[in-house]
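With these hints in hand, go ahead and build the complete structure from the sequences.
One letter stands for each residue in the lines below.
Protein chains: 2
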Amino acid sequence: MLEGKNISNIALPEPTLRRLPWYLAYINLLNAKNIEYVSSTQISKDINVDASQIAKDLSFLNIKGKTRIGYEVKSLAKELEDFLGFKRVHNTFMMGVGSLGAALIQDSGLSQYGLRIVAGFDVNPLRIGTSICGVPIFHVSELKMRQQELNAEIGVLAVPVENAQEATDVMINGGIKAIWNFTPFRIKAPENIVIQNTSIYAHLAVMYNRMNTLK
Amino acid sequence: MLEGKNISNIALPEPTLRRLPWYLAYINLLNAKNIEYVSSTQISKDINVDASQIAKDLSFLNIKGKTRIGYEVKSLAKELEDFLGFKRVHNTFMMGVGSLGAALIQDSGLSQYGLRIVAGFDVNPLRIGTSICGVPIFHVSELKMRQQELNAEIGVLAVPVENAQEATDVMINGGIKAIWNFTPFRIKAPENIVIQNTSIYAHLAVMYNRMNTLK
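Residue numbers (the working numbering), protein chains in the order written: chain A, 304 to 518; chain B, 304 to 518.
Don't read these hints as lab results, they were simulated from the structure.
Possibly wrong hints are sitting among the right ones.
[Unchecked claim] In the BS3-like style, the derived pairs of lysine-lysine whose C-alpha atoms are separated by at most 27 angstroms in a straight line are:
| hint | chain 1 | residue 1 | chain 2 | residue 2 |
| --- | --- | --- | --- | --- |
| 1 | A | Lys348 | B | Lys491 |
| 2 | A | Lys491 | B | Lys348 |
| 3 | B | Lys348 | A | Lys480 |
| 4 | A | Lys491 | B | Lys336 |
| 5 | A | Lys336 | B | Lys491 |
| 6 | B | Lys491 | A | Lys491 |
| 7 | A | Lys390 | A | Lys359 |
Since the model is a prediction, treat every value here as computed from it, not as a measurement.
Shown next, in the form of C-alpha cells:
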C-alpha cells in the first residue's frame, strides 16, 4: 500500500503521542461550539499543558498556526484524527473473553477510535460458540484458521496472567502484528511485533499511593 | 484512622509504582508453582526489567533479599500486595454508565484489585433506576445524598468529553477524594484531589503510531 509522504509514519515520542488525543478531545469540543480559531495559549489555559509544549507537539503535524490568530480548529481536528489513525479501521482479535475481555468488547468507544473487534478467542467451553455484542467467540486453537478470513492486525490480550505468554505466542504465530496487553504480565515478543502495555490495575496502584500520601 | 509506620504512605516515583504490579503478577505465578525463593537476576530474565532497577524498586518495601538466595516469594507477594493497597476495599462511584462505564462495572477484575463500585450515576432516564451486575444506577443529582450512606472515596469518570469537567465538579462537591479519569479530557481539580488519567484511547494512538513506523 502506497502511503506517500504520510506523516503518521514518523515515530513520535510516546509522551507527545499520549498528549495528542487530549488536544483532539479539546479541539472537537471547540468545533462543536463553532469556534474557528484557537491559540496554543488558549489551549494551554483550558487543558493545563504548557503552551510551548503544545506548540512543539503540534509541530509534528502538517499544520501551522497563524500569528495572532492561532490554529484553525477544523483543520487541526482533521490533522489530529488523520495522524492518530483513529479513522482507519484496525481489525482486532480479543484474546480471552472473561470479565475484562467481555467488558472491552462491549465498549463501543473502541470502535470509534478505530479498533474493530472481529472475533474473540477463549478456552472455556461455555464461552465458545457464543457471541458478545455480535462478536463471535471461537476456541483459541481456531485462531490461525480464522485469521485467514478475518485478517486481524491487532490482538488484545485479556487472559489470566498465567496464560499471557502462551496466548501471545499463539497470536504471533497467527500473524498478529501488534499486541495490546491488558495483563500485568511482561510478555516477550520478537522485535517486529508492537507491544502496548495498558495495565489499568497498575494505574490503580499509582492512585492508591497518591491517596495515601495526601492524607 | 491510625496507620502507624505504614510504608505505603511514602510517595513513590510513578514509574516504580507502575512496575510493582508487574512484579506482583510474576511473583504470584512463582507462588502458585510453590517456588520459595527468587533472585532479582531471575526476575529480570523473566520479565525483561533491569536487575538493578528491580532491586531499587523493591528497596522501597519492608523486605530484604538474602545474599545468594534472593527474595522469599511468599513474603514478597504479601509485602507487594500490602503496599499496593489492592487488598484494601475502596468504595467507588462510577460516573457515567454508558458503554465504557457499564463495561468497567462488569469487569470483576477491578474489585480483585480493591476497587469496589458501589453505585453508578448518569443523566439518561433509561438508565436511572436500573442496575448493572448488582450496582444500582442513580441520577447524578442524587450523588451527594447517596454519598452519605455509601461513603465513596473514588470516582471513576466515564462520561462524554463535553461533560467531563461538570461531572468532576459534582463528584468533588460530593466528597470524592480521587478521580480515575477515563476520558481524554484534562479535568481540573483542587490540589488535594488525586487525579489519575487512564485514557485507554491514548494508548491506541501510541500503538497505531508504532505499527505505522514498523512497516
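Taking the hints in turn, this is what the structure says about them:
1. A distance of roughly 11 angstroms separates the Cα atoms of Lys348/A and Lys491/B; the hinted pair therefore holds under the 27 angstroms criterion.
2. Annotation: proposed proximity of Lys491/A to Lys348/B holds, straight-line Cα distance about 11 angstroms (limit 27 angstroms).
3. For the hint pairing Lys348/B with Lys480/A, the CA-to-CA distance comes to about 24 angstroms; that is within 27 angstroms, so the pair holds.
4. Proximity of Lys491/A to Lys336/B is assessed by CA-CA distance (about 20 angstroms); at most 27 angstroms being required, the pair is judged to hold.
5. The hinted pair formed by Lys336/A and Lys491/B meets the criterion: a straight-line CA distance of about 20 angstroms does not exceed 27 angstroms.
6. Of the supplied pair hints, the one linking Lys491/B and Lys491/A is violated, its CA atoms being roughly 38 angstroms apart against a limit of 27 angstroms.
7. At roughly 24 angstroms between alpha-carbon atoms, Lys390/A and Lys359/A fall within 27 angstroms of each other, so this suggested pair holds.
In this structure, the one hint that does not hold is number 6.
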